[in-house]
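Student: If you read the sequences in order, they're chains A and B. Be aware that the first sequence starts at 38, since it is given in the numbering used here, and climbs by one per residue. Be aware that the second sequence starts at 1005, since it is given in the numbering used here, and climbs by one per residue.
Source of the hints: derived by calculation from the structure; they are not laboratory data. Hints are supplied without guarantee of correctness; some may be wrong.
To be verified - In silico DSS-like links for lysine-lysine, alpha-carbon gap of 25 Å or less: (1) A/K79 x A/K146; (2) A/K79 x B/K1028; (3) A/K93 x A/K104; (4) A/K79 x B/K1082.
Unchecked claim - Here's a subset of chain A near chain B, in silico, CB distances under 10 Å, partners left out: (5) S69; (6) F71; (7) Y73; (8) Q75; (9) K79; (10) S80; (11) S86; (12) K129; (13) N135; (14) K136; (15) L137; (16) T138; (17) G142.
Stated by the list, open to error - Some residues of chain A that are not near chain B, with every Cβ distance over 12 Å (derived): (18) S49; (19) L112; (20) R114.
All residues carry an ideal CB built from backbone N, CA and C; glycine is no exception.
What follows is the residue order along each chain.
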Amino acid sequence: QKEVEQNSGPLSVPEGAIASLNCTYSDRVSQSFFWYRQYSGKSPELIMSIYSNGDKEDGRFTAQLNKASQYVSLLIRDSQPSDSATYLCAVKFTGGGNKLTFGTGTQLKVEL
Amino acid sequence: DAGVIQSPRHEVTEMGQEVTLRCKPISGHNSLFWYRQTMMRGLELLIYFNNNVPIDDSGMPEDRFSAKMPNASFSTLKIQPSEPRDSAVYFCASSRSGTDDNEQFFGPGTRLTVL
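Using the sequences and the hints, build the whole thing.
Tutor: Structural data, given as structure tokens:
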């Protein structure tokens, strides 16, 4: 069973701090990794993708991938109240065709 | 460019009625995905199509659910007969397969309530 696991939270951080969101997955043979943000009552929105080991930065967001340890993380620098949402990790497993397997999401709350 | 379009946005129906959800993928995308999201089970893939052909329907809960993609710009998800446990938000997503990234983009969803 190929699984993607996330801590459901809520993760509370003060405004301006770094929020760190983590995701582990069960299969070493995985191709692509994605982070989606979902506001309450809205659809998931793609914010980051990463395909190789290391860090990938985009504005205040940094995705980190470690395939040997089977984890992917998302760092949000200078967290803002508007970052408060649920963050979904998704993995495209090799041999799974084009489908993504999603984690259950981590709720982030950025407090004033 | 328009994103993924879904209709209706909200549907309230009574148990036993037929429900049809519609999706128009992003132009140029050749993979289409139907998901269901509930508090209890999270985001679940129901079925996906590549080039209008169903590839994986292992997530379809039972025979009451069916999906079609008659052409590259339209897909339907049908529930017949509907039951209260089908109440959920149904998302359609699309992507361009055959590329390394395969990023999926979601529509706004249809919130289904079965009474």
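Student: Which numbered hints turn out to be false for this structure?
Tutor: none
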